[in-house]
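Visitor: Residue numbers (the numbering used here), protein chains in the order written: chain A, 1 to 297; chain B, 1001 to 1413.
Take the hints with a grain of salt, since some may be wrong.
[Stated by the list, open to error] Derived DSBU-like pairs (lysine-lysine); straight-line CA-CA distance at most 35 angstroms:
#1 1311(B) x 1171(B)
#2 1171(B) x 7(A)
#3 1127(B) x 1171(B)
#4 1231(B) x 7(A)
#5 7(A) x 1255(B)
In case anyone wonders, no lab produced these hints; they're calculated from the structure.
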Amino acid sequence: MDFLIFKAPILMVQASLDGILLGILFALIAYGMALQWGVMNIINIAQGDLVILGGYIAYTMYLAGIHPAWGVIVSPIIMFFVGWALYKLVINKVVDRDLFISILATFGIAIIFQQLMNFIFGADVVVAQSEYGTTMLFDNSVTLPNSKIFSAVVSILYAIALVIYMKKSRLGRAIRATAQNARAAKILGVDTEKVYAATFGINAALCGIAGALIAITLTLHPYVGLPYTVRSFMIVIVAGLGNLPAVAISGMGLGLFEEFADYILGTEFRIGAVFMLLVFILVYRRFKLSKKREYLK
Amino acid sequence: MNKLTKLFITFISAITLMLSSMSSSFAKVDGEYIVLGAAISLTGKYSSNGVHTQNGYNLAVERINKMGGVEVQGKKYKFEIIYYDDESNPKRAAQLAERLINQDGVKYMLGPYSSGLTKAIAPVTEKYKIPMVEANGASRSLFTKGYKYLFAVLSPANQYLEVAIDLAVEKNGGKPVRIAQAFEQDAFSQDVRLGILDAAKRTGSEIIIDDKLPKELNDMAATLAKVKATKPDVLVVSGHTKGALTAIRQIAEMKVDVPMLAMTHCDAAKLSKQHGKKSEYALCASQWHKNLSYKDSFFGTGKKYDKDFKKEFGYAPPYQSAESSAALLVFKDAFERANSFDGDKVRDALKTTEMQTFYGNIKFGPGGQNTAKPMILFQVRCKGDTCENKVVAPTKWASDKFYHPIPKWSERS
């Protein structure tokens, strides 16, 4: 049983593709987190719960007889307004405060969301069926669910659209200006309050897309949001803020690393391995930074 | 607010206070009522199964009371249950058990939902020497701690899928089989795993994949890719409802061909409803099925229980409800045999329980587990687009033949 992956190298192809496809989806959630972290200096603990809420929107459509894939269009629209409302209700009161307060506030939001979803949608684990079928490669030895390919493609398309929007549009530029220096942006006439609300809305919308994709690729339950928060947090830590290519690469990298850790170390260590990698990266970064400082002296 | 209203409110609250303190001081046997206590998950992540448990308890209480109640020392008593919501949280459950015992004066307890919460409550009931009959904690570790006041009407977790391995060996012409298994890392699933290890040892079978899935994980692609590469004779999966749903989804999407697939929690996951034809041929462990031929004088047969439950609550009873109802029958039987309300006498009577209920035979082993009832296996079979669970093992109750091996995905429509 040891190192099956080396005995059957075709598994490497399977593992790589699985890791990358899932990594892209996680990168989308992480990008939302990086965006609002960069702009508003808020670590959103409720990120995963926004994802799950987005998923339930798609699931509700599925129950109503609409194909759940339409969720990737409907869910972000609804979630944008949910995010906007959340900002107006809670986040605007903590945005300039200590990081700890925003963590506490979003933690509270997370709990409320979990309980509300549990109340509305019930505590059963649910799935939405896309019936997309399977792509088989290499004489059926590598099989990829089309729903996963669909979710990766949708994630990439939305990411590209967002990058263009941030570069070209007025609001996009305002967001980037606010991220660089909120005070200066304010002096130059940017309505930072509106920028913040929009940023939080965009983040929620990204979560909505990811949630709809998760409804057709994985499973939904009111209390499974936290792993998504933790995963996107990790991706952002590795990639740094406000850098989409880095977020994408770090998302895919972590996905790949996790799949290979599963084959080589065993399934029980795959999440542990990712955390070890995170510790290693943080230590390495610190080490590099301290070297730089010495050099500057 | 004028003076009169204030006075009125004070008066009302005083009365309420008096009443509430009165009811608690008599709580163990209150007039004609025998009061049982239960912490149940009415909110939180176990809330669906918590409600199934509560419905099972309530149906049995209502039935027993209607049919004459419990006779102790020539007098008829009725059951009554005090419920608290444990929020699916073990710490809260333990607190509530203390509260039921110390403040409400409860002397007899019914179990909560899930092994984890039962584990949290058992030390408390043990400390106060309160007999507890539980119906939803199957973890083996509950029965190895030497608890003296814990009695479980259900089969322990390690028995869940042992039968499946025996079945696989039988289908293989008595020769050992190659097993691939994936279990979530929680107390229950790991106990199921121990059962498989025992069965493998007993039959000389080989375990070629032994994956332990982290709780946070909702993707099994890596495990299934390994299964594809190694082609085992049987794949065993246990990871609560999430594990069951994920496994079926990804087995179908990745076109994993295994001759036999055995799992737990198909019922709770509503597998055949949520995944339809994709779940066909999956073999599922269950504590109970309405078609079994057990009988008792309160609910009659399983089929009748199914009908009555549907009429009362509007949905077909999952086994979680059936076993919860059985717990009350056990309590009634024990009270009548003890012919006393003394906690230790009731416990001794529970210990010597030997009875048949619609849910199955009940006889407690030295650790408190039910040793008289085998687990059953059903297989999901579909006709057109509607899928149903058909009992296939043990052969005594099998309504349908076990379909083996599972056709390859390329041959399935």
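Visitor: Hint by hint, note whether the structure agrees.
Guide: A quick look at each hint next to the structure:
{"no.": "1", "hint": "1311(B) x 1171(B)", "in the structure": "40 angstroms, violated"}
{"no.": "2", "hint": "1171(B) x 7(A)", "in the structure": "29 angstroms, holds"}
{"no.": "3", "hint": "1127(B) x 1171(B)", "in the structure": "48 angstroms, violated"}
{"no.": "4", "hint": "1231(B) x 7(A)", "in the structure": "14 angstroms, holds"}
{"no.": "5", "hint": "7(A) x 1255(B)", "in the structure": "21 angstroms, holds"}
In summary, the numbered hints that this structure violates are 1, 3.
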